[in-house]
Every structure is written in C-alpha cells, then in structure tokens.
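Fit chain B to the known structure of chain A by using the hints.
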Amino acid sequence: MIHRRSPAATVFQYTALFALMFFLAFPLLWMLSTSFKGPRELVALIPSLIPVNPTIDNYFTAFREQDLVRSATNSLQLSLGSAILTVLVALPAAYGLARHASVLRRFTMSWILVSQIFPLILIIIPLFLILKTLHLLDSLSGLLVVYLVWSLPFTLWMLQSYVKAIPIELEEAASIDGAGRLRILRSIVLPLLAPGLVVAALFAFISAWNEFFFALVVLQSAELYTLPLTLARFIGSEGVVRLGPLAAASFIATLPSLVFFSFIQRHLRSGLLTGGVKG
Amino acid sequence: MARTRVSVRQVQHSPMLFLLPALVPVIAFSVLPLIEGIYLGFTDAKAGLIVDLAPNFLDNYVRLLSNDLFWQSFQIGIIWAVTTTLLQYVLGLSLALLMEQRLHFLWLARTLALVPWATPPVIVAIMWKLVYQPDIGLLNQSLRGVGIPVGELNWLADFNTAFPAVIVVGAWAGMAQTTVALVAGLKGIPVELHEAAASDGATAWQRFTHITWPQLRPVTDAIVSLNFIWNFNSFGLVYVLTEGGPGGKTMVPALFAYNEGFKYGHFGYAAAMGNVMVIVVLALLYVYLRRGRRGVE
Numbered sequence: 388m389i390h391r392r393s394p395a396a397t398v399f400q401y402t403a404l405f406a407l408m409f410f411l412a413f414p415l416l417w418m419l420s421t422s423f424k425g426p427r428e429l430v431a432l433i434p435s436l437i438p439v440n441p442t443i444d445n446y447f448t449a450f451r452e453q454d455l456v457r458s459a460t461n462s463l464q465l466s467l468g469s470a471i472l473t474v475l476v477a478l479p480a481a482y483g484l485a486r487h488a489s490v491l492r493r494f495t496m497s498w499i500l501v502s503q504i505f506p507l508i509l510i511i512i513p514l515f516l517i518l519k520t521l522h523l524l525d526s527l528s529g530l531l532v533v534y535l536v537w538s539l540p541f542t543l544w545m546l547q548s549y550v551k552a553i554p555i556e557l558e559e560a561a562s563i564d565g566a567g568r569l570r571i572l573r574s575i576v577l578p579l580l581a582p583g584l585v586v587a588a589l590f591a592f593i594s595a596w597n598e599f600f601f602a603l604v605v606l607q608s609a610e611l612y613t614l615p616l617t618l619a620r621f622i623g624s625e626g627v628v629r630l631g632p633l634a635a636a637s638f639i640a641t642l643p644s645l646v647f648f649s650f651i652q653r654h655l656r657s658g659l660l661t662g663g664v665k666g
Numbered sequence: 006m007a008r009t010r011v012s013v014r015q016v017q018h019s020p021m022l023f024l025l026p027a028l029v030p031v032i033a034f035s036v037l038p039l040i041e042g043i044y045l046g047f048t049d050a051k052a053g054l055i056v057d058l059a060p061n062f063l064d065n066y067v068r069l070l071s072n073d074l075f076w077q078s079f080q081i082g083i084i085w086a087v088t089t090t091l092l093q094y095v096l097g098l099s100l101a102l103l104m105e106q107r108l109h110f111l112w113l114a115r116t117l118a119l120v121p122w123a124t125p126p127v128i129v130a131i132m133w134k135l136v137y138q139p140d141i142g143l144l145n146q147s148l149r150g151v152g153i154p155v156g157e158l159n160w161l162a163d164f165n166t167a168f169p170a171v172i173v174v175g176a177w178a179g180m181a182q183t184t185v186a187l188v189a190g191l192k193g194i195p196v197e198l199h200e201a202a203a204s205d206g207a208t209a210w211q212r213f214t215h216i217t218w219p220q221l222r223p224v225t226d227a228i229v230s231l232n233f234i235w236n237f238n239s240f241g242l243v244y245v246l247t248e249g250g251p252g253g254k255t256m257v258p259a260l261f262a263y264n265e266g267f268k269y270g271h272f273g274y275a276a277a278m279g280n281v282m283v284i285v286v287l288a289l290l291y292v293y294l295r296r297g298r299r300g301v302e
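For the record, the sequence lines run as chains A and B.
According to the working numbering, the stretch in the first sequence is residues 388 to 666, in order.
According to the working numbering, the stretch in the second sequence is residues 6 to 302, in order.
This is chain A alone, in the form it adopts within the complex:
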C-alpha cells in the first residue's frame, strides 16, 4: 500500500527537516553559547557556536548583579503567589462548573475566546485606574490580582475537564456510604485531581513568570521590577561586553518554562494548552 519514496524525495525531506530544526534551535543555542563565552571570545572575529574556552563567569556575574537577583526574587514571589492563589480560587469553581453550572460553563469558554480578540490596551487602561484607586498601582500585590484574573479562566477550564474525568458514581457511592459533602471532596475528588492541580499551578506560575505587558504598566519603581522587565531594560542599554551575563541571566529565566514544557509535552498533542501560555 505505502509507496516507496524515491531517493530524491528522501534527500529533500531530510534537507527540509534539518533546515527547520536548525531554524528552531539556533537562537537558543546561540544564546547558550554566548552565555559561556568570556569577554575576549565574545568579540572574536570568527564566531564559534561551541565556545573554545567555555567559562561560567557570566553566570557568577549575573548572580552578583543586584538588579537581576532582586527582580528574580520579585518574579519568584509573584509567580508562586499567583500559582497558589489561582489554584485555590479555581479549585472549588472548577468543581462547581464541571458538576452543575452549564450556563456558566458556556460563559467561561466564551470569555476565554472573546478575551483573545480584544487588544490588551482596552483592559489595561481601566485596570490601571482601578488599581490606582485601590492604591495597588506600582505594587506586587496589584500585579498579583491582575495575574490571578488573567490566568483564572484558562485554569478553570483546564481543571473542570479534569473534574469531569472523575466518574460521578464514585461520589454517589461515597454519599450512599454516608460520607458528607466535604468528606467526599477531600477524600475522593481531591486526590484524583492532584495531577490536574499540579498542571494548573504550573501553568499559572509560568504565565506570571513570563508575563511582560501588565508588569510594564503596573510596576514603576525599579526595585519592584520582574525579571522580564529588568532583562528587557538591560538589553536596551548595555554594551557588547555585558552581553555574556545577559545571555546567562536570560537562559536561567527561560529554564522554568523549558522544564514546564517538557513536563506537559504529551498534553500538548491534543492542543489542550493552545493559547493560554502566549502573552
């Protein structure tokens, strides 16, 4: 049934595959390579993708850079806060959504779609005014609120599909055995939901860790800057010699989401996470 490929077709396919793989990989590889190059090699006339004299000095320099460490701490606090808060708020709602509220389920889904169409400028201006009234402007708590509501709809959607996968008969059986509402939730639903909760928390963490636009508008003092803000400012202003530490810091900043994506790789095949992660 299956046709044998002609040798020409095989050569063509491999050429195309390697070209695309090269295109995908080289920016990351170049950044990685830059991060291991000393100042002298950085400005060498003939570039090498693999550093001749690899050094980890750039990483030490990055860690000694106060701005970077402080903004990494800010980002970490914000992302952890967002992950915990989002899951805590989404958990009961996801349960309610999966088991009962069909109208609200439709509302959540439409909101996810509708919110994609509107440019962020339409939301950020009123949000800016609201945060200002609440004295939450230029504060990490203010940004945390924004991140919470921004990752909630998608987290909810994800979690409710996990709840739906738990057969309701299990809950009914426990109820027949005389278990109370809370008892059922705690001893049956929660343990079965654990993988879903981990994915949802990671999703909220990564969204906050990678986010740029809201942080740019809400935060004004440099001490509160998140990692993306500081890195973006860094590349705007610094000279060639500082590119090594910048590349090192950027690579460290990418690690959480690289790990996250390899972790959820198999979920991605179904397109489950399409959209939500993009900023």
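In case anyone wonders, no lab produced these hints; they're calculated from the structure.
Just so it is clear, CB atoms sit at the ideal spot from N, CA and C, and this is done for glycine as well.
No false leads were mixed into what you were given.
Okay, the calculated beta carbon distance ranges per label pair: (1) B:R295 <-> A:R427: 58 to 66 Å; (2) A:I471 <-> B:L111: 33 to 41 Å; (3) A:R451 <-> B:L113: 32 to 40 Å; (4) B:V196 <-> A:P554: 27 to 35 Å.
Okay, derived cross-link-like pairs now, EDC-like style, lysine to aspartate or glutamate, Cα gap no bigger than 20 Å in a straight line: (5) B:K192 <-> B:D226; (6) B:K268 <-> B:D49; (7) A:K519 <-> B:E41; (8) B:K254 <-> B:D73; (9) B:K268 <-> B:D73; (10) B:K268 <-> A:D525; (11) A:K519 <-> A:E610; (12) B:K51 <-> A:D525; (13) B:K192 <-> B:E105; (14) A:K519 <-> B:D49; (15) B:K51 <-> B:D64; (16) B:K254 <-> B:D163.
Taking beta-carbon pairs under 7 Å as the criterion, some of the chain A residues facing chain B (in silico): (17) H487; (18) Q503; (19) I512; (20) F600; (21) L618.
Below, chain B alone, put in the same frame as chain A:
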C-alpha cells in the same frame, strides 16, 4: 437509588457558592474593565488625578481618521500580521507534514518545535537581538565568514531591514503552536482516505491537494484565525526588539496605542485605537472565513 438522587439535588444548591470566589474577581478585574475600556474609547479620558468620563461620542474617531501616523501604524500592523501568520502557517505545515513521514530524528524535531513556545516573549526578543547584533551577532559574523561584506549592518535599526527582521522573529515565535495544532489536525485525517487514493494511483501531490488540504481545512481556519489575532495584537516582542523604530517602521498598532496611552496619557484616544483594532481584526477574520466557506461550496 433514592439516596443518590437526593444527594445530587442537594449539590445543586451550592454551585453558586463554589463559583463566587472565581467569578467575582474575574468580573471585577477583567470583564467590567473591558466594558469600561470600550466605553473609554468614546471619551476624552486623560491620565491624571481626575479622569473625565463624559462621552465625546465619535470625536476620537474623527481625529484618528486624520492621523497619518495612526494609518501608517495600521498598515504596518496588517502587513505584519498577514505576513507573520502566513510564514507561521507555511513553516508549521512543512514541519507537521514532515513529522507524518517515516524519518529519523523526529523525536528531536518534536522537542525543538516546542522551544519557541517555551521561551518567554522577552527572552525571544533578547535571543534574536543577540543574533542580529551588529558587531558580534551570529548573523553578521556568519555573513562575514562566507565573505559577504555586511559591515556593521544593524538589522533592527536599519530602515530597510528592521521590519523583515522583526517578521522573521514573529514567524519563529509562533511556529510552535501552529505545528502542534496542525500535527493534531493531520492525525485526525482517516488513513483509509490516503490508502484508497494511493491504490487508485494518486501521486503524493494529488493526495495532498485532494485529501490532506481539504481535510485540514477546519484546523487551518482555526489556527490561522488565532495566529492572526495574536499577531495583530502582539506587543512584547516588537517592544523589546525595536520599540517601534527605526522611524516608526515597526510601529505595530498595539505599540502605538500603548505609547498614546502610557507615554502621552491620552487614555480615551488610546482606547479608541483599541476599539478600531477590534473592528479591523473582526472584519479581516470575517473576510477570511467567508472566503473559505465559498471556496468549499
């Protein structure tokens, strides 16, 4: 049985209680602000202590009509979104089709395909700045290496190269989700269709045009629409790469509206631009999806 029914009914009283903690913040901090944002586009609101919320109706839009920079920005935005979306689709489809073949190294391709997705937008911009860097960037150094005299060409600051250079980055950044969606779409095409066509003597190209392409249509429409929306509204990538420069050559509408709102404090005017952006996106999507439907008929 009777108990089961009672318990299920009992539960039905409480969903609101479960949902409130999520519903309240989402409505207060994103649904209502969005509605207010749309309304602000019809006011003369300015950044400052007192925000004037009296409607000025269509004033902003009349002013926008005569704002050349705004028109230019929309032109750039449409070229940017259409070209980037097209490139993302062509590259994504090529990769997805190759992944359906029996080749070696596909595991590596599958992993690499996720790299752009897993990289935060700001870091994507930083990576490519390192590639485009005039003195020690990979691109210039490689070109010099093969004897092309590029000098110190600053790809992102040159009038002729900045926009294409940014489009390449945009295509790279969106390749991952396009490939993932198209791979899922290709998996959904029944193998029997291909087998039947092959036994009728159809060539690979004929099978592509008569089976793969039409069968992939719904997935194509979905991912192209989404990519188009994301690209048209995208902000962070271009902001970090060029800040809209040189001379406004890469000033996409989202950036233009941001500057208007947060650099100059013209909230109402910026929101009006946001409203126009929504209309433009919806209009272009409508044209695209209608054309698609007519094509099928």
